[in-house]
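**Q** From first to last, the protein sequence lines are chains S and P.
When we follow my numbering, the leftmost residue of the first sequence carries the number 264, and every step to the right adds one.
When we follow my numbering, the leftmost residue of the second sequence carries the number 972, and every step to the right adds one.
Derived from the structure by calculation, the hints contain no laboratory data.
Worth double-checking, as some hints may not be accurate.
As the list claims (entries may be wrong) - Residues of chain P clear of chain S, computed beta-carbon distances all greater than 10 Å:
(1) S975
(2) N978
(3) G1001
(4) Y1020
(5) F1051
(6) C1144
Said to hold, decoys possible - To be clear about the criterion: a stretch of chain S counts as covered by chain P if any three or more of its residues have a C-beta under 8 Å from a C-beta of chain P, and this derived list gives those stretches:
(7) 492-506
(8) 586-600
(9) 606-620
Said to hold, decoys possible - The calculated lysine-lysine pairs, modelled on BS3-like cross-linking and capped at a C-alpha distance of 30 Å, are:
(10) P/K1015 <-> S/K440
(11) P/K1069 <-> P/K1110
(12) P/K1015 <-> S/K576
Bear in mind the structure is a predicted one, so any value in this text is a computation, not a measurement.
The C-beta atom is built at its ideal place from N, Cα and C for all residues, glycine as well.
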Amino acid sequence: MEVCMSASPQSVGAVVPQAFFFDQPLHLQSGASIAEYTLMVETYGTLNATKSNAVLICHALNASHHVAGFYADDPKNIGWWDNMVGPGKPVDTNRFFVIGINNLGSCFGSTGPMHTNPGTGKPYGADFPVVTVEDWVNAQARVADEMGIQQFAAVMGGSLGGMQALAWSILYPDRLKHCVVVASTPKLSAQNIAFNDVARQAILTDPDFHGGDFYAHGVVPRNGLRVARMIGHITYLSDDDMAEKFGRDLKTGDYQFGYGVDFEIESYLRYQGDKFSDYFDANTYLLITKALDYFDPARHTDGNLTQALAQTKAQFLIASFMTDWRFSPERSREIVRALISNKRTVSYAEIDAPHGHDAFLLDDSRYLNLIAAYFDRIDTELQGTPA
Amino acid sequence: MNFSDLNRLRPDLAFIADWIKADTHVLDVGCGDGVMLDYLQTDKRCVGYGIEIADDKVLACATRHVNVIQQDMERGLSMFDDNAFDTVLCLNSLQMMKHVEPLLRDIARVGRDAIVSFPNFGYWPHRTALLMGKMPVSKSLPYQWYDTPNVRCATIYDFSDLANEVGLEVVECVALHEGKQVHVLPNWRGSLAVFRLQKRGA
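From just these sequences and the hints, can you work out the full model?
**A** Now the structure itself:
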């Protein structure tokens, strides 16, 4: 199976991440700043001579700069959006130069809470400054500067990644031609924040958390992370999808009359939780859920999203999934409505996929064909634009 | 897409396209595969959006590089501001709507002008079919009574009354057959009714 994957003409193949080091301090929305930092980056395809074919892919909560392809020494580690990005895929690396950047504070090599704070010589831990979606975008812009990319052909993301794409269109209106926002929202609802806080409480109250300095104690707040992930995972799936995949199926065929695993859904969630707690950092989880909670571009315009998007110049594709109850289609429609009020060029697709929020990562021909058609339009424009 | 391509593909749309001014802002309610907007944006430099619900047609619009908003027209046009468009098109879609009157009011709200077309139930083969005691099945109404998406049947005379009711003035009304205007006995010989409308007081 893995051999197939690596030999597939549709994969970008083996990829090598690069580290970008920045020694100029990054001033953050909170008022704090980070003196120096590293961002992990992967690129696929070739940047053209005019540097006009770059596409930035922004990642969501638990993903990274590893968008597509695999690692030569770890062929099973396939990029999180490998079905979307590659030669002949919707975001076609034969035509576009695609960039993935691991966000600041994440735990896949970019500077984060587990790294040494140059000020104290100890890991940042809970002292790592809270970063926002806008802070991430500012950091990403510096990577673009380093690469000499003045304007992206597109900035694209799903979920939290979609928020970053939207923030790009507001903060740097001249630096992207197209903005592709999938399964996202202009702000979290009270229910979304509530789920995030339950997840955070699970971590914060784990005795192994040690106020965020668990590194020094040689432990990991695994239980907190497991529960956080289990809660998150419930919100990523639709009720119907869960019913279809698991129903009330029993692990051993009969009730155990105890508190171990009876139902398949319990087994699945615990497995997901265990897997997650093996690789994800607890401080990063806290940080990223806060970034989600804080995102609200209309906060500075009295809640008026139309006004918040008034300075945008990009063309937009917004897509949502009918069974996504985490960021429902109504949230995407709010973005569309505000863009239409601003007379922006925008298309909106509401895809009838059964998989809930997770649908943005999965194969659905209606979804992938639509993205492919849209990127074909972007490419046609690029070809028609004299340098 | 140029005019001769449009005329070849959809002569009815080519006839209507002539009425739409260049460089205007257009909303096409029930835009189908986006062929009309494709023509209007390439040949007349119009900008705007199409509304369509069917997945395959939304994809067709994207392929044509037409801006499409995937939405059920029955939900109305609440996404759009008052007077947002120079012209609102609703071509060959109205007969499929359950909520015709609220949609027409919404069309009058968001546009200054509107162009509405629908199959003319008064077209003579339809009348003949009814005289023979059967529901009409024709090129313009190609379905059986039990599987038709066309839930509203109207003649040219019927529509004028409703247009007035929702605040739209009839500027011009023509009957087309196979894309050509029918001058003699239009409500008998035209299979497609086309109304050019203007918001009262606009």
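**Q** Are the hints correct? Go through all of them and say.
**A** Here is how each hint holds up against the structure:
1. Listed as outside the interface, P/S975 is consistent with that label: its C-beta sits roughly 22 Å from the nearest C-beta of chain S, beyond the 10 Å cut-off.
2. Against chain S, the non-interface label of P/N978 holds: every CB pair exceeds 10 Å, the least being about 24 Å.
3. A cut-off of 10 Å between C-beta atoms confirms that P/G1001 is not in contact with chain S; the least separation is 16 Å.
4. Listed as outside the interface, P/Y1020 is inconsistent with that label: its C-beta sits roughly 7 Å from the nearest C-beta of chain S, within the 10 Å cut-off.
5. The Cβ of P/F1051 does not lie farther than 10 Å from every Cβ of chain S; its closest approach is about 6 Å, which violates its non-interface assignment.
6. With a least CB separation of 30 Å from chain S, P/C1144 remains clear of the 10 Å interface cut-off, as annotated.
7. Against chain P, the segment 492-506 of chain S contributes 0 residues with a C-beta closer than 8 Å to a partner C-beta. That does not satisfy the three-residue criterion, and the hint is violated.
8. Counting residues of the segment 586-600 of chain S whose CB lies closer than 8 Å to any CB of chain P gives 3, so the stated coverage by that chain holds, three being the minimum.
9. Only residues whose beta carbon comes within less than 8 Å of a beta carbon in chain P count, and the segment 606-620 of chain S has 9; three or more means the coverage holds.
10. For the suggested pair P/K1015 and S/K440, the alpha carbons sit about 23 Å apart, so the restraint of at most 30 Å is met.
11. Under the criterion of a C-alpha separation no larger than 30 Å, the hint pairing P/K1069 with P/K1110 is consistent with the structure, at around 22 Å.
12. Simply put, P/K1015 and S/K576 have alpha-carbon atoms about 22 Å apart, close enough for the 30 Å limit, and the pair holds.
Of the numbered hints listed earlier, those contradicted by the structure are 4, 5, 7.
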